[in-house]
Amino acid sequence: MWEKLSECWKASFEEAWEAYAHGSIPIGAIIVDANNKIMSRGRNRINETIAPSKQTCSNRLAHAEINALLQLDNLDSEDHKDYTIYTTTEPCVLCFGAIIMSGVRKVRFAATDPIAGGANLNDAENSFIKSRNLNIKCDETYLGELQRVLRTDQVIRALGEEQASKFLDKYRIKYPKAIELGIKWNREGRLQEALRNNDPVELIINNISKEIKES
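Counted the way the numbering used here counts, the sequence shown spans residues 349 to 563.
Among the hints, erroneous ones may be present.
As the list claims (entries may be wrong) - The calculated BS3-like cross-link candidates involving lysine-lysine, where the alpha carbons are at most 30 Å apart (straight line), are:
#1 Lys352 with Lys429
#2 Lys485 with Lys385
#3 Lys429 with Lys478
#4 Lys525 with Lys478
#5 Lys454 with Lys518
#6 Lys525 with Lys561
FYI, nobody ran anything at the bench for these hints, they're computed from the structure.
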């Protein structure tokens, strides 16, 4: 599986795994130019106390897309109209607004977010949003499944399985196999074991893909 991913998605999932490894929500994002050169990388840092220059952490705004966007020179939004942001989860309403204001005109995301996702704002009757002509799409379902396994484990560890169910029930509608695998892996401690073993992200992604296909 890992070998089949584009370099953009590989980099995005690398960031998502780093977020998981540091105790934050496992979401990663990158921004590329028209030639797919990576211009910036960001990850969720809401549960961390240290962030690199031009990034934010330790607050509810420390989202992956925000941290990727903050590294761009945003004084002239026209500079970024040929850029694309890749993110492992549908941008929330906060990140959607930031993307609109940044001037980035293309978004690709792995997993839909039926709770906080803001992609439908692109259809809003808002003249400024419409003027941006944002191209925002969910990519292949298997990418969303990879993300949902990571997120399922993390949300259960954060809230407990009973409290997490209010999120998982909504995620399950589109990604049923991924949610069940995430619950299974959480009970078995698979991702925590991967952390202790310093397993590379490509091994984790390959194992997720293999078990989903076998389920």
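Could you tell me which of the numbered hints above are not met by this structure, giving the numbers in increasing order? 4
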